[in-house]
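Undergrad: Put chain B on the given structure of chain A with help from the hints.
In the order they appear, the protein sequences are chains A and B.
At position 296 of the first sequence (counting the first as 1) the number is 330 in our numbering, and the numbers step up by one without a gap.
At position 70 of the second sequence (counting the first as 1) the number is 82 in our numbering, and the numbers step up by one without a gap.
Everything labelled a hint here was simulated from the structure, so no lab data went into it.
Keep in mind that the hints are not guaranteed to be accurate.
Listed below are several chain A residues computed to face chain B (Cβ distance under 10 Å; list not exhaustive) [unchecked claim]:
| # | residue |
| --- | --- |
| 1 | G180 |
| 2 | A295 |
| 3 | H296 |
| 4 | Y299 |
| 5 | F403 |
| 6 | S404 |
| 7 | D406 |
| 8 | G513 |
| 9 | L515 |
| 10 | A517 |
| 11 | E521 |
Using N, Cα and C, we set each Cβ at its ideal position, and we do this for glycine too.
Residues per chain are reported as follows:
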Amino acid sequence: MPSSVCIRSISHLVRDRAAHTSIASRCLFAAPQSAGFSTSAARYALPSKKKTGTVAAPKRGVKSLNVKKGRKGVQVDTAKRPAQGERRALRKRIVLSNNNALEVPYLTDLEKTSALSKKNQGQVKGLPEEVVDSLRAVEAFKPTQGWSLFRRPATLIRKETVQLAALLKVAEGHVNSTEQAVEGREDGEAVDGAKEVAEVTAEEAVAVAVAEEGPKKTIRRVIVGEKMSGKSSLLLQGLALAFVRGWVVINLPDAQDIVNAHTAYAPLPESEPTQYTQDIYTANLLSQILKANKGFFSNTTPITTQPELGVPLPANTTLEQLVNIGINNPDISWPVFVALWAELTLPGRPPIMLGIDGLSHIMRNSEYFSADVKPIHAHDLTLIRHFIDHLSGKSSLPNGGMVLAAISKSNSPTSAALDFSISVAEARQARSGNLPTWNLYTKVDQRVMDVLKDIEVIKVGGLSKAEARALIEYYAASGMLRAKVDEPFVTEKWSLAGMGNVGELERATVRLRV
Amino acid sequence: MVFIFGFSFAETSLVKRSLETIYGIGPKVSQRVMARYHIYPWAKVGELKNSTVLDLTAELTSMKIENDLRREVQDNIRRLRDMGTYRGRRHAMGLPVRGQRTRTQISTARRLNKIERGGTGRIQM
Numbered sequence: 035m036p037s038s039v040c041i042r043s044i045s046h047l048v049r050d051r052a053a054h055t056s057i058a059s060r061c062l063f064a065a066p067q068s069a070g071f072s073t074s075a076a077r078y079a080l081p082s083k084k085k086t087g088t089v090a091a092p093k094r095g096v097k098s099l100n101v102k103k104g105r106k107g108v109q110v111d112t113a114k115r116p117a118q119g120e121r122r123a124l125r126k127r128i129v130l131s132n133n134n135a136l137e138v139p140y141l142t143d144l145e146k147t148s149a150l151s152k153k154n155q156g157q158v159k160g161l162p163e164e165v166v167d168s169l170r171a172v173e174a175f176k177p178t179q180g181w182s183l184f185r186r187p188a189t190l191i192r193k194e195t196v197q198l199a200a201l202l203k204v205a206e207g208h209v210n211s212t213e214q215a216v217e218g219r220e221d222g223e224a225v226d227g228a229k230e231v232a233e234v235t236a237e238e239a240v241a242v243a244v245a246e247e248g249p250k251k252t253i254r255r256v257i258v259g260e261k262m263s264g265k266s267s268l269l270l271q272g273l274a275l276a277f278v279r280g281w282v283v284i285n286l287p288d289a290q291d292i293v294n295a296h297t298a299y300a301p302l303p304e305s306e307p308t309q310y311t312q313d314i315y316t317a318n319l320l321s322q323i324l325k326a327n328k329g330f331f332s333n334t335t336p337i338t339t340q341p342e343l344g345v346p347l348p349a350n351t352t353l354e355q356l357v358n359i360g361i362n363n364p365d366i367s368w369p370v371f372v373a374l375w376a377e378l379t380l381p382g383r384p385p386i387m388l389g390i391d392g393l394s395h396i397m398r399n400s401e402y403f404s405a406d407v408k409p410i411h412a413h414d415l416t417l418i419r420h421f422i423d424h425l426s427g428k429s430s431l432p433n434g435g436m437v438l439a440a441i442s443k444s445n446s447p448t449s450a451a452l453d454f455s456i457s458v459a460e461a462r463q464a465r466s467g468n469l470p471t472w473n474l475y476t477k478v479d480q481r482v483m484d485v486l487k488d489i490e491v492i493k494v495g496g497l498s499k500a501e502a503r504a505l506i507e508y509y510a511a512s513g514m515l516r517a518k519v520d521e522p523f524v525t526e527k528w529s530l531a532g533m534g535n536v537g538e539l540e541r542a543t544v545r546l547r548v
Numbered sequence: 013m014v015f016i017f018g019f020s021f022a023e024t025s026l027v028k029r030s031l032e033t034i035y036g037i038g039p040k041v042s043q044r045v046m047a048r049y050h051i052y053p054w055a056k057v058g059e060l061k062n063s064t065v066l067d068l069t070a071e072l073t074s075m076k077i078e079n080d081l082r083r084e085v086q087d088n089i090r091r092l093r094d095m096g097t098y099r100g101r102r103h104a105m106g107l108p109v110r111g112q113r114t115r116t117q118i119s120t121a122r123r124l125n126k127i128e129r130g131g132t133g134r135i136q137m
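The following block holds chain A by itself, in its conformation from the complex:
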């Protein structure tokens, strides 16, 4: 007979406590929330959370597929941003020494007495330290050049450099340079394909003959040549020779910087047609001039002219003080430059070297606008005008000197007039009868044509094999080239470099090492 206890246990098994409230408190079981046969608890429970993700189908034309990676977990870039001007500084950085390169035992420096000698041809010459400082000050070194490969800056005195040196002698008015020029002529004839040089030097012999009457001459040259043939380097060599010889050097390192409208400009009062000064640039140029020509400015020459600058000048103002006034007050930097130029051209002052790189930038309209929104021609900027007047021969340098302009082949806007003038000058120097004629369907920039009417050029070609050998030997002595330098090796590299293109030669020997 079943006991009553059993029946009670069955009643305990009934899970619906709501139905048996009386025994619910005594229940020992862990009570589940819902009963098998009741729905009330589930009904009273809190409504379950709405399921996410089940939204309506996207509308037509709405993009719903997103396969881009990392949209959600996008990492915040916490890297340090470069400071203002840092990247530019890195880009423009000039490294002039390499501690890993060997000291070249036979390397001698350019010296004042022998710098212009013809005997230097085919030798690598070191640049003296103060010249390096000066060249750095005038920004003659370019970041693309291979100065950072060697122990200290040195340069190959090539055929064109000797030609340039002879011209420097002519400018200085040395009488004995006649012999040099004639010598050069004989040598020039001896070398195959160097007819041009012979012509140029012969011409210089005539120039010297003139120079004997009025000793100081103004030499004007445009350096032309193929890409990487060393045009800027030749300009640098010209500046270096001028520094060694104690000239005053004024260099416009990059013509592009003057005309690309990145520096302030202002109309020059009382100029007709309106000229434009660039005060900040001019002040910077003045500081470069001061830094580069320390030797000249240190001998405290009091100024002799009375420039009208609008600021009172103390008595016995020296040239250095004058320049400093221009540096500190950019507003009057142009009048200061004019005053400085007047001082530099007084009798008894050293010859002047004027240099510019990237000539084609200044042979067209600049990026500046005049007050009536017409582009300003580069020749209407005072600094450019000053340079161009000397390049065209409109003004001369009374103490002698040289105006040297290098073109660029990699960064040069097209200037039909410049290209034409250069081809005419080349034909003229080659004494070829048929000068090129202007293509009438090309738009002419008459101002440029007038300026470059009787320009003369120095054509920078490839190195001769002897020069290439001297250079490669220097590379080997610096430890940057590990190979036996013999005739076949030099010939191979010379040919690889497109018949001695110096930039390509550097590339083939020390830059691309396989």
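TA: This is chain B only, laid out in the frame that chain A set:
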């Protein structure tokens, strides 16, 4: 901060960009204004001389920009609507005005073709 035409600009901002924030001044007008006062294209606001800033403000005051220009544009649209022209109605409806199709791609019209075109501006009209 430099005040040009009543608006303040950070000293490091370009003059060109600062001018072009003004309603009615775009690339051409800013070029013209800057050329007039010999301000080079990359000049920063902080570099300007006080006299130049005053000149600029005076020049901008004489021009029809900001609220004057907004009012003119809005008046033109309102006139079209009040006359009951098709163009006025299309403006009022925010639909393309010049015969474009409306099946797709009319977001530009939705954005721009309003009676209150150009908004209320930085200074309330």
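Undergrad: So, for every hint listed, does it hold in this structure?
TA: For each hint, the structure was consulted:
1. G180: For G180 (chain A), the interface hint is violated, since the closest Cβ of chain B sits about 32 Å away, which is over 10 Å.
2. A295: 5 Å, holds
3. H296: 5 Å, holds
4. Y299: It holds, given that the least Cβ distance between Y299 (chain A) and chain B is near 6 Å, below 10 Å.
5. F403: 4 Å, holds
6. S404: S404 (chain A) check passes; min Cβ-Cβ to chain B is 7 Å, inside 10 Å.
7. D406: 8 Å, holds
8. G513: Violated. Min distance 45 Å.
9. L515: Nearest chain B Cβ about 44 Å off; hint violated.
10. A517: 49 Å, violated
11. E521: 55 Å, violated
In terms of the numbered hints stated before, the structure departs from hints 1, 8, 9, 10 and 11, listed from lowest to highest.
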